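Trainee: Below are the chains, spelled out letter by letter.
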Amino acid sequence: MNILQIFEQIKQNTDAVVSFQEDEGPTPSIYVRSDSVLSVMTYLKEEEALDFNVLMNHTGFHETESSKLFWHLFFDVSQDESEDHHHEEIRLFWHLYSYKVEHRVTIESSVPIGKAQMDSVVSLWKSANWLEREVYDLLGVTYPGHPDLRRIMLPPDWEGHPLRKDYVAPTSYHGIDNSPSALTKSFEPKGKSK
Amino acid sequence: MGAYFQNIKDGFTTAFEGMSISFATMFVRKETVQYPEVDISSNATIAEKYKGSLMGMPENYRGILDVDLSLCTACQICQKACPIDCIVIDNIKCDKTKLSDGDGSPVLNRFTQKEALKTRTVTRFDINAAKCMYCGLCEKACPTSAIRHTNQFEMNRESQEELILRFVSDDVKATAEKRASEIEAEAAAKKAAKAKKAQEEKAKEKGAEE
Amino acid sequence: MDATLISIGLDPLTAKITSMVIISVIVLLAFVTIGGILTLVERRISGFMQSRLGPNRVGPQGALQWVADGVKLILKEDLIPEGADRKLFRIAPYFCLVGIFGTMVVFPWGKGVIVADLNVGLFYFISITALVVFGVLMAGWSSNNKWSLLGGMRAAAQIVSYEIPVGMSLLVPILISGTLSMGGIMASQGWLPWEWMVFKSPFAVLSFIIFFIGSLAEANRTPFDLPEAESELVSGYCTEYSGFRYAVFFLSEWANLFVLGGLTTSVFLGGGNLPGALEGFTILSVLVYLAKVAVVIFVVIWLRWTLPRFRIDQLMSLSWKYLLPGAFIAFLGQAAYMLLTQHTPIVQSIIAVLMFLVFVFVLIRFGLKVRVSINEQRIPVNSPASNVS
Amino acid sequence: MTSALKTEYLTINMGPQHPSTHGVIRFILKTDGEIIYECDPDVGYLHRGIEKIAESVTWQGFVPYTDRVDYVCAMNSNLSYCMAVEKLMGMETEIPKRAEYIRVIVSELNRISSHAVAIGAADMDMGAFTPFVHFLREREHINDLLEMACGARLTYNYICIGGVHNDLPPAFLSKTAEFLDHFEIVVEQINRLISYNQIFIKRFANVAVVPPKMAIDYNLVGPNLRGSGIKFDVRKDKPYSVYSDLDFDIPIGSGRAGTLGDCYDRYMVRVEEIRESIKIIRQCLKQIPAGETKAIVKSTIKPPKGHVYFRTETPRGDTGYFLYSDGKTSPTRLKIRTGSFTGMSIIPEIARGVFIADLVAIIGSLDIVAPELDR
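Chains as they are written, first to last, in numbering that gives the first Met the number 0: chain H, 0 to 193; chain A, 0 to 209; chain W, 0 to 388; chain Z, 0 to 374.
Just chain H, same shape as in the assembly (with noise of 0.2 Å):
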């Protein structure tokens, strides 16, 4: 089953509030609300015809630029939602499989940098379990149904979510001293911007 009738099907047998996107690179995707994305999960996971029995994984990153916020506009958005939210979002991506059906399906939903809280995935696959870690480890995503919500790279004392593009490493930690020495800083790059 192609993208597009998975697409029609989700539409048609759910209320979420959904869109589908095509014009971002090879794979199209399915946009998803934030707060329909669990339900829309379950359908297709329990949807026969489906049988999205895998999840594959789950990443996010952190989109600065408000070019992507046309889509709240489509989707009316709450007035309750902060006002970082219409500067800068957490984009979620969930690439789904099925052995059964050998098909497979992009879903997509974004949420605001300030109230960045998915609903969890866990109770449909357990291998969201690590991967919803990682990402609340390394973007700051907090999944309200998780069972175990710790960070899984990093230490658990550590501050900052790192693949947030306004990190700043830190220049020491318990002591260990990360600043760069004078060797180190004589081969920073005087033209690269990096």
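Calculated from the structure, these hints are not laboratory results. The structure presented is a predicted model; accordingly, all values stated were derived computationally and were not measured. Just so you know, not all the hints are guaranteed correct.
[To be verified] Okay, derived cross-link-like pairs now, SDA-like style, lysine to any residue, Cα gap no bigger than 25 Å in a straight line: (1) A:K190 to A:K201; (2) H:K125 to Z:N205; (3) Z:K327 to A:C85; (4) A:K29 to W:F47; (5) A:K8 to W:W319; (6) Z:K237 to H:P169; (7) Z:K327 to H:E21; (8) A:K139 to A:Q75; (9) W:K320 to A:D9; (10) A:K8 to W:V371; (11) H:K164 to Z:G48; (12) H:K44 to H:A15; (13) A:K193 to A:R178; (14) Z:K304 to Z:Y239; (15) Z:K304 to H:P161; (16) A:K130 to H:G174; (17) W:K368 to Z:V270; (18) Z:K51 to H:A15; (19) Z:K96 to Z:V208; (20) H:K184 to A:K190; (21) H:K44 to Z:E348; (22) Z:K293 to A:N59; (23) H:K164 to H:Y142; (24) W:K368 to W:W301; (25) H:K10 to H:E23; (26) Z:K278 to Z:G290; (27) H:K99 to Z:S240; (28) Z:K51 to H:N177; (29) Z:K235 to Z:K304; (30) Z:K293 to Z:R152; (31) Z:K51 to A:D9; (32) A:K8 to W:V352; (33) A:K177 to A:A192; (34) Z:K212 to Z:S240; (35) H:K184 to A:A173; (36) H:K164 to H:K184.
[To be verified] Computed footprint of chain Z on chain A; a stretch qualifies when at least three of its residues, placed anywhere within it, have a C-beta under 8 Å from a C-beta of chain Z: (37) 58 to 66; (38) 136 to 149; (39) 183 to 195.
Note that the Cβ used here is the ideal one computed from N, Cα and C, for glycine as well.
Let chain H serve as the given structure and place chains A, W and Z on it in line with the hints.
Mentor: For chains A, W and Z alone, coordinates are given in the frame of chain H:
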């Protein structure tokens, strides 16, 4: 009960099988390369001294970087290609043919005089061998094959500073800088002369007008 | 030696004490040397089995590697971990050492070359090696390290379990020779292979196999090296040991290997027996004995570098479900066999020769297998000569 | 063993430096004597922030970093990343045929060497050191071949966006053929040495059974998934590169020593995959065409805005590269979903009620490589 005796039988026969192989291995050639005695960077020695089945070093082995400054055009492509910033190149505008040693042969560049006048000269070419990850991207990016990997891999030094390969010596740098300032001065003098001439002409024109 | 000392003018008591001291020093040095050399031998052999050369830098072909290792270990700092039971920690290695070196008293180096041919020699042998358990358990407990503790507990469970099948299987040679003395057991065998204890009856073969497997387990050799299973327990009971104390553990472990070989040889493989014509050449007897021990040690090393390790429950099930019933069968079977054939020694001899022929047949089968494997491994690959272009 | 005999649990810290964790992984074990009651894997000791680094290097400059994601099969990591970028740029049809074949040859050679290490390490965990060294010896031959192709033994950086960096040296193909003839026999010999050994089978059989449903739920991939009896291989089911032209089988677990999906099944799937890889390379050596080895690619590429999730079959299973491009010279987001990561997440569940020695077997049979796990 059958499984019980099957276990015993399988235990003995498979152990027997395994023992035959480990015993046989004792009589087959050994793969150890006795490194300092066998010079592994030379294929000839390896063929002569070493009886195992490992090969010597290939032609395109990616060892410690080396730069042929007579080929370098100071274009800084390698510096940009390096993913970990272990190459630093500084350059200045300079007449390279003047940068010669006693017998008159050019030190830095073998370009013709005309070209040399236009090219830039490297005043700093440092490679941090401690940081280099030997990926070969600089070698592939270089348009003149000035930077390349050698088949050397031995480079133990006492400090990190000694691991920095400096290809331009301070003398050459000083000479180049001196020459550059001379060129600048010459250019400035020329410009000044030109300006003066222009002024004089202007004055002349003014005088003629008057 | 006493007599020599008395003849140069010492009184009998002093002579006795002096000779004991001299003998102890000789024995200690001999065992240290044997243990040391065996570490080297093991490393070289394992190297050859893995297409490597093994240590070959110190001395000709690495012959002095063990000395260098020993010196290094002695010079190292002696660490005792924080929170360790210091007394037990210090004393534990010596229990292992005494357990192994104590066997020296009844160790038959050859025909007639034995310190004390006790009439309960074999019994003494089994009892004194049990001291090793205490050393290992103490080391594991006192280290204040959970991995060490697990190693110590495993060792205790393992060695205590395997004492039983080993003891049972040794009853068969005792039945055949009718004595517990090491010299007596050795004397009851001849120099020809089919006169050895192992080929005397089918049940002797069974008891030999059980004894060999069981003593591997008692010496903590792979496939039974659970107490110091490297990939599981880091280094088991000796994880926290360093320096001289570690060297003592190390040494007693390899000396134990020699003891294992020695016991197997003297009880089952004919010891240092010589043909009648050569009777009296003690040195030759010792050499024959040592050669046999070397073969047994080689087999043990070879097994170690071939087989994977058991799991603890499989280890226990092997001991209680396979070896122990086997040992009982061997013991009862041997008794019945002797009862049936006691008046027909010729039948006994024929069966012994047959057993030996079966063994030779197995050896030939094995040789053919090895030849095939060697040929398979000799298929050329990446020949360096062709690489030079 | 009644509940009246229950004792206090012993908390043991296994790792981060432990001989059997193959890298830096830590397990916090709650045990009852030797039996594990609870196992909590603590990962992240090798987290080098490769995904963060990607945000500041160029698209081409990231290729050497993919070597470091999984150094046991660097060639496959190169391939995954480069194909993902090519897909993002829409240039997957421009790759020359010869380059595709070279890519398949080198990545299958690398798969063999990776499986050799995986199998050897599993043997070593079981206490048999010799097979491990034998496998490493064979791996050295492969390293020699790959060094001949690209000049490095471990971190190759050979496959680049648009093809491969340089053509194979003339002797490469004949030497590879020679090696395969040698290796096919030797691998069977090493199997006789260890894989068919009764003690070894008993150690691996019926340990840590992963039923097919659980394997899917936890998203096990690659040999671990196939060990549970699910016939899925990205090379066959979603073919990329020239795999659709090649003929090979997908070995799956069948419970040959006990239960379907036990450690021995996962182990033997790898052994059989080595044979399949040999088959693939032999076909490639026959079919490889002459021609260019690299498509024309700009020195600084800027893929169009968009995202892609590209899957390839690496030795540790279906590895996914998620790329998001903003049309700049470096990725906005790069995420690597690796086989070890999902493989590791199943351990708390299957390592309940097993011996400590079995946990070692589980790690060995799942073939977890710490740098790939943490990235």
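Trainee: Against each hint, give a clear statement of whether it holds in the structure.
Mentor: A quick look at each hint next to the structure:
{"no.": "1", "hint": "A:K190 to A:K201", "result": "16 Å, holds"}
{"no.": "2", "hint": "H:K125 to Z:N205", "result": "23 Å, holds"}
{"no.": "3", "hint": "Z:K327 to A:C85", "result": "23 Å, holds"}
{"no.": "4", "hint": "A:K29 to W:F47", "result": "7 Å, holds"}
{"no.": "5", "hint": "A:K8 to W:W319", "result": "18 Å, holds"}
{"no.": "6", "hint": "Z:K237 to H:P169", "result": "43 Å, violated"}
{"no.": "7", "hint": "Z:K327 to H:E21", "result": "20 Å, holds"}
{"no.": "8", "hint": "A:K139 to A:Q75", "result": "13 Å, holds"}
{"no.": "9", "hint": "W:K320 to A:D9", "result": "16 Å, holds"}
{"no.": "10", "hint": "A:K8 to W:V371", "result": "22 Å, holds"}
{"no.": "11", "hint": "H:K164 to Z:G48", "result": "14 Å, holds"}
{"no.": "12", "hint": "H:K44 to H:A15", "result": "15 Å, holds"}
{"no.": "13", "hint": "A:K193 to A:R178", "result": "22 Å, holds"}
{"no.": "14", "hint": "Z:K304 to Z:Y239", "result": "23 Å, holds"}
{"no.": "15", "hint": "Z:K304 to H:P161", "result": "23 Å, holds"}
{"no.": "16", "hint": "A:K130 to H:G174", "result": "24 Å, holds"}
{"no.": "17", "hint": "W:K368 to Z:V270", "result": "23 Å, holds"}
{"no.": "18", "hint": "Z:K51 to H:A15", "result": "33 Å, violated"}
{"no.": "19", "hint": "Z:K96 to Z:V208", "result": "42 Å, violated"}
{"no.": "20", "hint": "H:K184 to A:K190", "result": "38 Å, violated"}
{"no.": "21", "hint": "H:K44 to Z:E348", "result": "22 Å, holds"}
{"no.": "22", "hint": "Z:K293 to A:N59", "result": "18 Å, holds"}
{"no.": "23", "hint": "H:K164 to H:Y142", "result": "21 Å, holds"}
{"no.": "24", "hint": "W:K368 to W:W301", "result": "16 Å, holds"}
{"no.": "25", "hint": "H:K10 to H:E23", "result": "20 Å, holds"}
{"no.": "26", "hint": "Z:K278 to Z:G290", "result": "24 Å, holds"}
{"no.": "27", "hint": "H:K99 to Z:S240", "result": "24 Å, holds"}
{"no.": "28", "hint": "Z:K51 to H:N177", "result": "17 Å, holds"}
{"no.": "29", "hint": "Z:K235 to Z:K304", "result": "30 Å, violated"}
{"no.": "30", "hint": "Z:K293 to Z:R152", "result": "22 Å, holds"}
{"no.": "31", "hint": "Z:K51 to A:D9", "result": "53 Å, violated"}
{"no.": "32", "hint": "A:K8 to W:V352", "result": "24 Å, holds"}
{"no.": "33", "hint": "A:K177 to A:A192", "result": "22 Å, holds"}
{"no.": "34", "hint": "Z:K212 to Z:S240", "result": "30 Å, violated"}
{"no.": "35", "hint": "H:K184 to A:A173", "result": "23 Å, holds"}
{"no.": "36", "hint": "H:K164 to H:K184", "result": "23 Å, holds"}
{"no.": "37", "hint": "58 to 66", "result": "holds (count 4)"}
{"no.": "38", "hint": "136 to 149", "result": "holds (count 4)"}
{"no.": "39", "hint": "183 to 195", "result": "violated (count 0)"}
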